[in-house]
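Visitor: Spelled out from the first residue to the last, the chains are:
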Amino acid sequence: GESVGLHLPTLSVQEGDNSIINCAYSNSASDYFIWYKQESGKGPQFIIDIRSNMDKRQGQRVTVLLNKTVKHLSLQIAATQPGDSAVYFCAENMPNAGKSTFGDGTTLTVKP
Amino acid sequence: NAGVMQNPRHLVRRRGQEARLRCSPMKGHSHVYWYRQLPEEGLKFMVYLQKENIIDESGMPKERFSAEFPKEGPSILRIQQVVRGDSAAYFCASSPVETVGTGYGYTFGSGTRLTVV
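If you read the protein sequences in the order shown, they are chains A and B. Per the numbering used here: the first sequence = residues 309 to 420. Per the numbering used here: the second sequence = residues 738 to 854.
What the hints contain is simulated information worked out from the structure, not anything from laboratory work. Treat the hints with caution; some may be incorrect.
[Stated by the list, open to error] The calculated lysine to aspartate or glutamate pairs, modelled on EDC-like cross-linking and capped at a C-alpha distance of 20 Å, are: (1) Lys350(A) - Glu777(B); (2) Lys764(B) - Glu789(B); (3) Lys788(B) - Glu835(B); (4) Lys781(B) - Glu805(B); (5) Lys350(A) - Glu778(B); (6) Lys781(B) - Asp363(A); (7) Lys764(B) - Glu805(B); (8) Lys379(A) - Asp363(A); (9) Lys781(B) - Asp412(A); (10) Lys781(B) - Glu347(A).
As the structure is a computational prediction, the values presented were derived from the model and not from experiment.
Excised from the complex, chain A in its bound form (with noise of 0.2 Å):
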């Protein structure tokens, strides 16, 4: 059935680290992947996309890698500060169709 999925569901990293937060998809159809920022009491806040056609993307400190022959989707990012705490969720969209499948998430921490 559809469903996204994450590896992790907590990551500890050191201030300046880089981070990587991974996320499994099942729906070879999907068209567009979307990774979102949740802060604590907010909404999810829009990090990054990337397209089936695509293999990587970069954006500012951030980059996703899509693996569409074993459908994993990944998140990187650089020099990671403690703003970056949050909840980070991956979300896979159909062709044309509004809605997203939201996998359950990953926390990440960062001590600094």
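Assemble the complex: chain A is given as a structure, and chain B must be docked to it using the hints.
Guide: Below, chain B alone, put in the same frame as chain A:
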């Protein structure tokens, strides 16, 4: 541009009462989405609406839940005869028509936290 506005931020209802959650999309956004989030879980899609039209309600429970997005005014998610299992955070997102299906440009509100006692 105030972003997606949801109110109330917190709502407490007794079992059997009705809950009405409101969502005003960003200016220029014509599409609204409602999601529910249980504690320490991801967001679950409920319904997707355009003005005066429900596009996809595949995630809505068949009973007690309804949603609307009238021509004028905010989108409303209504839960009738609430039960304790309805306690959750309800998030609304909006997007412009050009980015439907991509996630890009989706903006979430801060949510309404419903507690049923």
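Visitor: Give a verdict on every hint.
Guide: Tested hints:
Restraint check for Lys350(A) and Glu777(B): the C-alpha separation of about 13 Å stays at or below 20 Å, so the hint holds. Restraint check for Lys764(B) and Glu789(B): the C-alpha separation of about 17 Å stays at or below 20 Å, so the hint holds. Taken as a hint, the Lys788(B) and Glu835(B) pair is honoured in the structure, with Cα atoms around 15 Å apart against an allowance of 20 Å. Note on Lys781(B) and Glu805(B): the hinted pairing holds, with a Cα-Cα distance of about 18 Å set against a maximum of 20 Å.
Proximity of Lys350(A) to Glu778(B) is assessed by CA-CA distance (about 14 Å); at most 20 Å being required, the pair is judged to hold. The hinted pair formed by Lys781(B) and Asp363(A) fails the criterion: a straight-line CA distance of about 27 Å is larger than 20 Å. Taking the CA atoms of Lys764(B) and Glu805(B), the gap is about 18 Å. The hint holds against a cut of 20 Å. Our distance criterion of 20 Å between C-alpha atoms is met by Lys379(A) and Asp363(A), whose separation comes to about 11 Å.
Taking the CA atoms of Lys781(B) and Asp412(A), the gap is about 10 Å. The hint holds against a cut of 20 Å. For the proposed pair Lys781(B) and Glu347(A), the alpha carbon gap of about 18 Å is at most 20 Å, so the pair holds.
Hint 6 from the list above is the single one not met by this structure.
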